[in-house]
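Heads up: the sequence lines are chains A and B, in that order.
Position one of the first sequence corresponds to residue 1 (the working numbering), numbered consecutively onward.
Position one of the second sequence corresponds to residue 1 (the working numbering), numbered consecutively onward.
Just so you know, the hints here were simulated from the structure itself, not pulled from any lab data.
The structure displayed is predicted, hence computed values, not measured ones.
Every residue gets a Cβ at the ideal spot worked out from N, C-alpha and C, and that includes glycine.
There could be a bad hint or two in this list.
Restraint-style ranges between C-beta atoms, simulated for each label pair [what the hints assert, rightly or not]:
{"id": "1", "chain 1": "A", "residue 1": "Gly52", "chain 2": "B", "residue 2": "Ile170", "range": "34 to 40 Å"}
{"id": "2", "chain 1": "B", "residue 1": "Thr56", "chain 2": "A", "residue 2": "Arg187", "range": "51 to 57 Å"}
{"id": "3", "chain 1": "B", "residue 1": "Gln3", "chain 2": "A", "residue 2": "Leu197", "range": "21 to 27 Å"}
{"id": "4", "chain 1": "B", "residue 1": "Ile88", "chain 2": "A", "residue 2": "Leu379", "range": "48 to 54 Å"}
{"id": "5", "chain 1": "B", "residue 1": "Leu270", "chain 2": "A", "residue 2": "Asp198", "range": "56 to 62 Å"}
{"id": "6", "chain 1": "A", "residue 1": "Ala57", "chain 2": "B", "residue 2": "Asp208", "range": "54 to 60 Å"}
{"id": "7", "chain 1": "A", "residue 1": "Pro15", "chain 2": "B", "residue 2": "Ser235", "range": "30 to 36 Å"}
{"id": "8", "chain 1": "B", "residue 1": "Ala236", "chain 2": "A", "residue 2": "Glu483", "range": "53 to 59 Å"}
Using 20 Å as the maximum straight-line C-alpha spacing, the simulated SDA-like pairs for lysine to any residue come out as follows [unchecked claim]:
{"id": "9", "chain 1": "B", "residue 1": "Lys217", "chain 2": "A", "residue 2": "Arg16"}
{"id": "10", "chain 1": "B", "residue 1": "Lys217", "chain 2": "A", "residue 2": "Glu109"}
{"id": "11", "chain 1": "B", "residue 1": "Lys217", "chain 2": "A", "residue 2": "Val345"}
{"id": "12", "chain 1": "A", "residue 1": "Lys387", "chain 2": "B", "residue 2": "Glu103"}
{"id": "13", "chain 1": "A", "residue 1": "Lys387", "chain 2": "B", "residue 2": "Gly167"}
{"id": "14", "chain 1": "B", "residue 1": "Lys217", "chain 2": "A", "residue 2": "Asp198"}
{"id": "15", "chain 1": "B", "residue 1": "Lys217", "chain 2": "A", "residue 2": "Ala512"}
{"id": "16", "chain 1": "B", "residue 1": "Lys217", "chain 2": "A", "residue 2": "Leu197"}
{"id": "17", "chain 1": "B", "residue 1": "Lys217", "chain 2": "A", "residue 2": "Gln208"}
{"id": "18", "chain 1": "A", "residue 1": "Lys387", "chain 2": "B", "residue 2": "Lys217"}
{"id": "19", "chain 1": "B", "residue 1": "Lys246", "chain 2": "A", "residue 2": "Asp515"}
{"id": "20", "chain 1": "B", "residue 1": "Lys217", "chain 2": "A", "residue 2": "Ala204"}
{"id": "21", "chain 1": "A", "residue 1": "Lys387", "chain 2": "A", "residue 2": "Asp444"}
{"id": "22", "chain 1": "B", "residue 1": "Lys217", "chain 2": "A", "residue 2": "Thr203"}
{"id": "23", "chain 1": "A", "residue 1": "Lys387", "chain 2": "B", "residue 2": "Asp195"}
{"id": "24", "chain 1": "A", "residue 1": "Lys549", "chain 2": "A", "residue 2": "Ala512"}
{"id": "25", "chain 1": "A", "residue 1": "Lys387", "chain 2": "B", "residue 2": "Asp146"}
{"id": "26", "chain 1": "A", "residue 1": "Lys387", "chain 2": "B", "residue 2": "Leu148"}
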Amino acid sequence: MDTPRLALLMLALEPRLRGVVFVGPPGSGKSALMHGLADLLPGVHQVVLPLGCDQEALLGGLDLEATLQRGERVIRNGVLGRADGGVLLVEACNLLAEGTANTLLGALEDGELRIERDGLSRRVATRFRLVGSYDPAEGQPRAHLLDRMGLIVRMPSAGTSDARLSIVERHLNPTLRAWQDEIEMLRGVLEVARTSLDAVELTAEQQQELCATAVALGVQGHRADLFACLAARASAALALRDSVQREDLEVAVRLVLLPRATRHPTQESPPSESPPPPQESPEPSATEAQGPSTDSLEMAEEILDAVDTELPAVLETLPFSRSRRSRAGSRGSTEGVRGRHVASVPGTLKGQRIDVIATLRAAAPWQRVRARRQGNLTLRAEDIRIKRYKSKAGALFIFAVDASGSMALNRMRQAKGAVHSLLEQAYVNRDKVALMSFRAQSADLLLPPTSSVELLRRAVDQIPTGGGTPLAATLLLTLEVAEQAKRKGYGNVVLVLLTDGRANIGLRAERAGVDDELQGIAVTVAARGLKTLLIDTQRSFVSHGAGQKLARWLGGEYLYMPSAGSAAIANAARTAVATP
Amino acid sequence: MQQSFPFVAIVGQEELKLAILLTVIDPSIGGVLVTGHRGTAKSTAVRALAQLLPMTTVVAGCPYNCDAASPAPDCLHCSRKTSNLKAIRRTVPVVDLPLGATEDRVVGSVDIERALIDGVQAFSPGLLAAAHRGFLYIDEVNLLEDHLVDLLLDVAASGVNVVEREGLSIRHPARFVLVGSGNPEEGDLRPQLLDRFGLHARIRTVSDVSQRVEIVKRRLAFETDPVAFCKRYSSAQAKLRGTLVKAIARRPHVEVSNEALLLAARLCDLLAIDGHRGELAITRAALALAAYEGATTAVPEHVKRVAPLALAHRLRKDPLEPAADDERVRRVLAEALA
Numbered sequence: 001m002d003t004p005r006l007a008l009l010m011l012a013l014e015p016r017l018r019g020v021v022f023v024g025p026p027g028s029g030k031s032a033l034m035h036g037l038a039d040l041l042p043g044v045h046q047v048v049l050p051l052g053c054d055q056e057a058l059l060g061g062l063d064l065e066a067t068l069q070r071g072e073r074v075i076r077n078g079v080l081g082r083a084d085g086g087v088l089l090v091e092a093c094n095l096l097a098e099g100t101a102n103t104l105l106g107a108l109e110d111g112e113l114r115i116e117r118d119g120l121s122r123r124v125a126t127r128f129r130l131v132g133s134y135d136p137a138e139g140q141p142r143a144h145l146l147d148r149m150g151l152i153v154r155m156p157s158a159g160t161s162d163a164r165l166s167i168v169e170r171h172l173n174p175t176l177r178a179w180q181d182e183i184e185m186l187r188g189v190l191e192v193a194r195t196s197l198d199a200v201e202l203t204a205e206q207q208q209e210l211c212a213t214a215v216a217l218g219v220q221g222h223r224a225d226l227f228a229c230l231a232a233r234a235s236a237a238l239a240l241r242d243s244v245q246r247e248d249l250e251v252a253v254r255l256v257l258l259p260r261a262t263r264h265p266t267q268e269s270p271p272s273e274s275p276p277p278p279q280e281s282p283e284p285s286a287t288e289a290q291g292p293s294t295d296s297l298e299m300a301e302e303i304l305d306a307v308d309t310e311l312p313a314v315l316e317t318l319p320f321s322r323s324r325r326s327r328a329g330s331r332g333s334t335e336g337v338r339g340r341h342v343a344s345v346p347g348t349l350k351g352q353r354i355d356v357i358a359t360l361r362a363a364a365p366w367q368r369v370r371a372r373r374q375g376n377l378t379l380r381a382e383d384i385r386i387k388r389y390k391s392k393a394g395a396l397f398i399f400a401v402d403a404s405g406s407m408a409l410n411r412m413r414q415a416k417g418a419v420h421s422l423l424e425q426a427y428v429n430r431d432k433v434a435l436m437s438f439r440a441q442s443a444d445l446l447l448p449p450t451s452s453v454e455l456l457r458r459a460v461d462q463i464p465t466g467g468g469t470p471l472a473a474t475l476l477l478t479l480e481v482a483e484q485a486k487r488k489g490y491g492n493v494v495l496v497l498l499t500d501g502r503a504n505i506g507l508r509a510e511r512a513g514v515d516d517e518l519q520g521i522a523v524t525v526a527a528r529g530l531k532t533l534l535i536d537t538q539r540s541f542v543s544h545g546a547g548q549k550l551a552r553w554l555g556g557e558y559l560y561m562p563s564a565g566s567a568a569i570a571n572a573a574r575t576a577v578a579t580p
Numbered sequence: 001m002q003q004s005f006p007f008v009a010i011v012g013q014e015e016l017k018l019a020i021l022l023t024v025i026d027p028s029i030g031g032v033l034v035t036g037h038r039g040t041a042k043s044t045a046v047r048a049l050a051q052l053l054p055m056t057t058v059v060a061g062c063p064y065n066c067d068a069a070s071p072a073p074d075c076l077h078c079s080r081k082t083s084n085l086k087a088i089r090r091t092v093p094v095v096d097l098p099l100g101a102t103e104d105r106v107v108g109s110v111d112i113e114r115a116l117i118d119g120v121q122a123f124s125p126g127l128l129a130a131a132h133r134g135f136l137y138i139d140e141v142n143l144l145e146d147h148l149v150d151l152l153l154d155v156a157a158s159g160v161n162v163v164e165r166e167g168l169s170i171r172h173p174a175r176f177v178l179v180g181s182g183n184p185e186e187g188d189l190r191p192q193l194l195d196r197f198g199l200h201a202r203i204r205t206v207s208d209v210s211q212r213v214e215i216v217k218r219r220l221a222f223e224t225d226p227v228a229f230c231k232r233y234s235s236a237q238a239k240l241r242g243t244l245v246k247a248i249a250r251r252p253h254v255e256v257s258n259e260a261l262l263l264a265a266r267l268c269d270l271l272a273i274d275g276h277r278g279e280l281a282i283t284r285a286a287l288a289l290a291a292y293e294g295a296t297t298a299v300p301e302h303v304k305r306v307a308p309l310a311l312a313h314r315l316r317k318d319p320l321e322p323a324a325d326d327e328r329v330r331r332v333l334a335e336a337l338a
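Go ahead and model the full structure; you've got the sequences and the hints to work with.
Here it is in structure tokens:
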């Protein structure tokens, strides 16, 4: 059986795995698979979580019409409450608004939600199985959300044409005979597996092996260990075995642990973490994740060998690894379009959204005075409350630092200082920053868009320096980051480019064509509405004019600051974002 | 109400457990913030705090949990009928403030049901009222909406909740201890809110394989049969609660030595900590630790052990400093003791 379908069966069998998420490009059959879970579980209902779902729809609330009609409080259930006991489908879970994602993960974890909204206080059961999907090209989901789903499945890339064809067929004709037969067969397997699951044996050594593998892969937290044990047992039960075998352990590692890896097991501890051990090490910090200990490596060796070839690809495409991790699923998204409802104020209805509950609340105290007729409510113009929104998403500052040349480390320090200064402001403005460096052939994203000082502090200090100046590659990476940010509602993106040289490495072009190629890309960047601030840090007074030229192509501002301090850079960036 | 994981069954994370015990012994330390990797028992531990809390006396029927011996002068319930207030015993309340909460439920507002149906303008108290004289717990506190944070800061500073909305004009006492948890990688906490927490425990993924195996074993056993699992730990749990009750009783009689005070002041000075909340928190925490261990005097050793918990989150953020904040505190501690 292929891995995606095995994952579905495992979740169907073991609800404690909580969820499965399929990761892959469009057209890889994610959607068809997602609907498959409900097919496998007869009598279980399926609820779809729409992307633009707001908190009210998600959590439910007062049903006003019914409340007024019946003269008693009537509560409408939200999407999460309706999903209780069933299957919740979340497509593009990387694009969920932040508030939605937070609520969702709480519901998934506790199987229950506390709701304190609109004058109501209640608990709602939310025991559902979650089936999610996303396309990594559109950004990563919040690692928090992903971590709470047991199984993470990378869709086989560019499947064989046979597999593709069968996906298409299924989609076109879901009642296809062969598919029906397969479902029948799988339901039968599930039924048998269900009776034997509790009896499946997972030995202490096997448990140890799974935990050791998690340690070796640098998996954060302990939820994954638990999921891995559950997955191994589910896999064995589905194969109608009464004890866990090596292949079951491998399935567990592949679906649970590998996608959560933050490092290659044979590497030293990740360079960005692990503060130096304190001289006087008390109990807790001895347990800190350093490099994998040798005995954990030995215990995990056999499994790691089996999955070794899949690891690099996983580290590259999944969000848990430090180098690629992004604080995604961010503020903004659908909320960003019109912002977040922050308050309700008196006003008129002209082109505004009325807050019904607040309006009723405002009217309620006066009903006696207004000699209310039985069952009818007297509303006056002054009762009207309109919703006031505040756009949640702030600006995104992308700092690109030239790491070629001798002053590279100094520039990086200044940039980090400036980024920090911006982040302090970010508490107020909801701004985010990203940090990239470029040298030799490529540009690297050191810090994906974030508002966390913590992550900034950990972002690599020691970057390799020297080599040429690949400005074209830098602009391309900028575009990619900016496009992802825009999809999440960041309208205002500012590129702060710190460099002292001229482009001499192109993407494809020979040396002579580098300038033309750069101009082409620069004009594209300008056309996408990015604001640019080019800070020229070269110390020689003989300017080649390269910086000015690039700034002109980018439609941006040029500043000559050979000894720019971080405060000055931050100020310039703030000014740039404020100019229309 | 679902069964929560027993406090004593949590494996490892000694710093976190210590912080929670100290908070129970002396709520005036200012509550605790727990941060760390996802999936490291942050919420589990904080929820387990509720199991350890002592009993308290409240006025029967008072929505603000007034102390029967001295009801708050602001209390809307008790100040109206001072004659015969009935007292009942209950455990110290822990109130959950979920992320999606709206302002009207946090501060309280017009009771819409009574207003619509009976035409009565009645105040329906919110979560802040319920948390008075207890704990207010916010999971993922770093993700709380800004306007709610503003509101919390206001009330936490004054101890009074002032409601001016929908024709209501109401003030009631709201003194509570903040307890929060979160993952700093998901977004930072506002510095003003961070400063409100007396203690800050950082927890990390356990990398010892045998400990991890034990964690999984206990979790699986708990999920399979929560009642039986809790029963297995009930005597250990009862013993701990007994120790805490004694510590709470002993705490007002514990004194702090001059050397301990000097060390606390020295640390705050060396770490250039603004304000005096740091010194207060570290001293109170040292006293609570002394009480917990049955000592009559808090000595430098106690200060030393609580220093990272009480001070690390008050350091000025320095992006160019590679060491984590608690490591910096430990370094300075070694310096101060040398």
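Status of each hint after checking the structure:
1. A:Gly52 - B:Ile170: 34 to 40 Å: holds (37 Å)
2. B:Thr56 - A:Arg187: 51 to 57 Å: holds (55 Å)
3. B:Gln3 - A:Leu197: 21 to 27 Å: holds (23 Å)
4. B:Ile88 - A:Leu379: 48 to 54 Å: Violated, at about 43 Å.
5. B:Leu270 - A:Asp198: 56 to 62 Å: Distance hint for leucine 270 of chain B, aspartate 198 of chain A holds at roughly 58 Å.
6. A:Ala57 - B:Asp208: 54 to 60 Å: Since the Cβ atoms of alanine 57 of chain A and aspartate 208 of chain B sit about 45 Å apart, the hinted range of 54 to 60 Å is violated.
7. A:Pro15 - B:Ser235: 30 to 36 Å: holds (32 Å)
8. B:Ala236 - A:Glu483: 53 to 59 Å: holds (55 Å)
9. B:Lys217 - A:Arg16: Between lysine 217 of chain B and arginine 16 of chain A the Cα gap is close to 15 Å, so the pair holds against 20 Å.
10. B:Lys217 - A:Glu109: holds (18 Å)
11. B:Lys217 - A:Val345: violated (53 Å)
12. A:Lys387 - B:Glu103: Holds, because 14 Å separates the two Cα atoms, which is no more than 20 Å.
13. A:Lys387 - B:Gly167: This hinted pair holds, its Cα atoms lying about 18 Å apart.
14. B:Lys217 - A:Asp198: Holds, at about 15 Å.
15. B:Lys217 - A:Ala512: violated (65 Å)
16. B:Lys217 - A:Leu197: holds (17 Å)
17. B:Lys217 - A:Gln208: Since the Cα atoms of lysine 217 of chain B and glutamine 208 of chain A sit roughly 11 Å apart, the hinted pair holds (cutoff 20 Å).
18. A:Lys387 - B:Lys217: With a Cα-Cα distance of about 50 Å, the restraint between lysine 387 of chain A and lysine 217 of chain B is violated, given a limit of 20 Å.
19. B:Lys246 - A:Asp515: violated (77 Å)
20. B:Lys217 - A:Ala204: It holds: about 9 Å lies between the C-alpha atoms, which stays within 20 Å.
21. A:Lys387 - A:Asp444: violated (43 Å)
22. B:Lys217 - A:Thr203: Answer holds: lysine 217 of chain B to threonine 203 of chain A is near 11 Å, not above 20 Å.
23. A:Lys387 - B:Asp195: Status violated; Cα separation ~33 Å.
24. A:Lys549 - A:Ala512: Satisfied, since the Cα-Cα distance of roughly 16 Å is no more than 20 Å.
25. A:Lys387 - B:Asp146: Holds, at about 17 Å.
26. A:Lys387 - B:Leu148: holds (17 Å)
Hint violations for this structure: numbers 4, 6, 11, 15, 18, 19, 21 and 23, all remaining hints satisfied.
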